[in-house]
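Engineer: Here is what each chain is made of, one letter per residue.
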Amino acid sequence: MENLKTIEKKHQSEFVISKKRFRLSEFIIEKVIFLSSFFAILGVILIFVFIFREALPVFTSPEVKKEASLNLFFSTVTWQPISDDPRYGLIAIIFGTFKVVVVALFFAIPISVGAAMYTSEFAPLKLKEFIKPIVEILAGIPSVVLGFFALMVMASFFHSIFHSTMRLNAFNAGVALSFAIIPVIYSIAEDALNSVPRSLKEASLALGANRWQTAFRVSLSVAMPGVLAGIILGLGRAVGETMIVLMASGNASMLSANIFDSVRTMSATIAAELGEVVHGSAHYNVLFFIGASLFIFTLIINSLAQLVVGRLQRKLAGKI
Amino acid sequence: MKKLITVIGILSLSFTVMLSVFAAKTITIKGSDTLLILGQRWAEVYMNQNPGVVIQVTGGGSGVGIAALINGSTDICEASRSIKSSEIDKLKERFNTTGVEILVARDGLAVYLNEENKVSELTLEQLKGIYTGKITNWKELGGVDAKIVLYGRENSSGTYVYFKENVLMGADFASQTQTLPGTGAIVNAISRDRYGIGYGGAAYAKGVKYCKVKKDAQTPGYEPTLENVKNGKYPISRYLYWYLRNKPTGEIKKLVDFVLSEQGQQIVSKVGYFPVK
Amino acid sequence: MKLRLNFFGSFFTGLTLLATLIIFAILIVIIGNIVLQGHKIISWDFITKAPREGMTAGGIFPAIFGTVALVILMIIAVLPVGVMTAIYLHEYAKSESALTKTIRFAVNNLAGVPSIVFGLFGLGFFIQFVGAGMDNFFGLEVVWGQPCLMWAALTLALLNLPVVVVASEEALRAVPSEIREASFALGATKWQTIRRVVLPQALPGVLTGAILSISRGAGEVAPIMFTGAAYFLPYLPHKPTDQFMELGYHVYVMATQSPDVEATKPILYGTVLVLLILTLLLNFIAIFIRSKVRRQMRQGV
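Residue numbers (this note's numbering), protein chains in the order written: chain R, -2 to 317; chain D, 55 to 331; chain Y, 357 to 657.
Careful, some of the hints might be misleading.
Think about it this way: if two alpha-carbon atoms lie no more than 25 Å apart in a straight line, the pair counts; the simulated SDA-like pairs of lysine to any residue are [stated by the list, open to error]:
1. R:Lys28 / Y:Leu371
2. R:Lys125 / Y:Lys546
3. Y:Lys457 / R:Phe294
4. D:Lys188 / R:Pro83
5. D:Lys144 / R:Ser58
6. R:Lys129 / Y:Phe380
7. R:Lys129 / Y:Ile643
8. D:Lys172 / R:Ala89
9. R:Lys123 / Y:Phe644
10. D:Lys188 / R:Thr73
11. D:Lys182 / R:Asp82
12. R:Lys123 / R:Phe213
13. Y:Lys546 / R:Phe24
14. R:Lys62 / Y:Phe485
15. Y:Lys457 / R:Glu27
16. R:Lys62 / D:Ser229
17. Y:Lys546 / R:Ile25
18. R:Lys63 / D:Glu219
19. R:Lys129 / Y:Lys648
20. D:Lys182 / R:Ala89
21. Y:Lys621 / D:Gly326
22. D:Lys182 / R:Leu252
23. Y:Lys457 / R:Leu301
24. D:Lys201 / R:His160
25. Y:Lys621 / D:Tyr293
26. R:Lys63 / D:Ser140
Quick caveat, the hints were computed from the structure, so don't treat them as lab data.
Could you put the whole structure together from the sequences, leaning on the hints where they help?
Structural biologist: In structure tokens:
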């Protein structure tokens, strides 16, 4: 007993000293961790500031406003920045983005939601573990590869089927774009469907509904906010996607309702023209303005999706 | 695991340090896509003959090159159009110089048609009509009844600017013009599109045919060959330029001399353009 | 009535199966086409030699090297910051404080920013603000204020920050709280616990995040188009202020700008195949690690 006590006392002082030493480095490390978590916030703020900084002259500088102002963006349809009389009509470009995204969602939503339903409601267990990684493989294909595939293979394929006037068009780009957003919608929708409490499904089956009735009328409606959030995020991703549309859409700034006509999207315009602008020119400011618009749009989309997911979580917890 | 990471870290750092000791003098060339292959070939041959010099060539368009010249991020700018006065002003603003222009080659701006197209010659007026969207169907030109599909370059391209100023006379391209990032892409697209028409530097035709260009309805049409460019019969020929900020000195001067030398100009012919003289 | 309902039901169920099969088909067609057209040119030479003769012959080693250099720099920047952010969010922060919510909001939104906007940011902030500022400060002509490896890597690091943060947080969450409590009971401080107990256990998950971010960094082209990638460089990048060739950018430029598309087609497909193998392999490894970790978690290990 006594030996133990003396041993304890001896080591206690050591322990106290080592505790003190650890405290200082611990303090520093904790501060470093705390500060580094600010990088994310700093990043968003910096993106905001610097993109808007370069876009601001569109609103504030009288020189720039002569060529390109909010008014002018929407009063002319022509996008012709290199010219003795430069025009920065954004209508065709915005509509181009819209066309491609609509085509993409048209294909992506049924495929991804359908596959999500199959995976979470109908698939046998062994198959389930197999499907999700496969969709993640699709997610892993870089967008430049998808754009390449659309340019080299899909464009000719569709051209031989539809005989459209233009080989590279909104349909081609839209289908390739749908490949990029299917995984996005799929994973969120599948997660949402999976989180539907088993009790609800079992109750439905107990009441006499069969599997598909349960799936479509119970699970899907309960998980709908999650599925919607997935679609919203897919929409955001589609609007911002650059390489696919840059390579596969033809990049013609034309305003037409025909999905087999070429389009020029906002993101592709920036990518195609940013290299040649001289810093500080009106053209430069306009490209940053387009970028700022894309940024704000995706901010709104993301916040919307998070709101919708919040609703889902509260619903499932029984608070709605 | 940690030890492995630290070892890798130290190795890569020391590797980097080691390599930077051997940094050679780099000459940057940026700009015209039309000149890209030519610039690369010049660089390849010059570097073979002068080890220790490193030349880096990137494309992007004449506009990119000139912007880089003004921004200071390139030594030499390749351009398939002449520099604009507004650009010279900006150059003066930043570097207090009006720049140096060197003619390095000549080019016949080619108009490309698909091999199966019945039409094989067009006047300048017709070209203007086609690209401004006034002429929309091949049958108006003697071909089949099909819509003309327009292919053009991005507005960062000197080829684009040249075509706009000299064929369209400053008018706008029709909005249906699909813009492709390089002459190669245009040729590629037309080889797959029976009803397409495109324009670009003369060096790239494969799988398509040159359209004979006529000055007007009375004169015969000519293809962009060395003869026709030299004697002026081909109506749309232009010079290809190198722009520098200041008069070339040292290594850059040697490079410029090489490019204008007989060997350099032979490379021009091999690539498919035409020598300056 | 029941019969009709059943038919209806099977029809819709069948549709969902069809949707799943369509996804499989898309994958097979894309990967199959690229493998078929590209495998002939893959050889040891292709991977280790430089391109020659206007990209119609030779290999793509510089592009591979550039991609690797870019990704290494990116990981050095993003991994510490991302992991520390996750540690802060999971171990230190009060779960509903305004700061925590702001950080999560920022991370979620960074995830949704279009890649071209990152490119704009890299140009407008890193190159023209930080870089030009550095040049002014050091009295240099134009060294930092131009597109180069460092700025491209930092831009990609910001783009991948959410990936690392989310994966690391998931990894930390997977470590059972009993282990932490046991460590505290034994007298260890918070940081000691994290460093010696929690992090080692969370390592596979963190690794997943790192690998996924590498895969994404190797595949994204829009952010590096104006921040450092180049098409033909006769040397390998050896300082952070050098430009670099990169696989994805190479594919883009070759597919759209090469003068003789027929001649460069084999190399083009080969480059795409190499890029695809690289990214898919990385993804496989990450998914594999993650599923192993998740299975362990479910089994309560």
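Engineer: Just pull the numbers of the violated hints for me, sorted ascending.
Structural biologist: 1, 2, 8, 25
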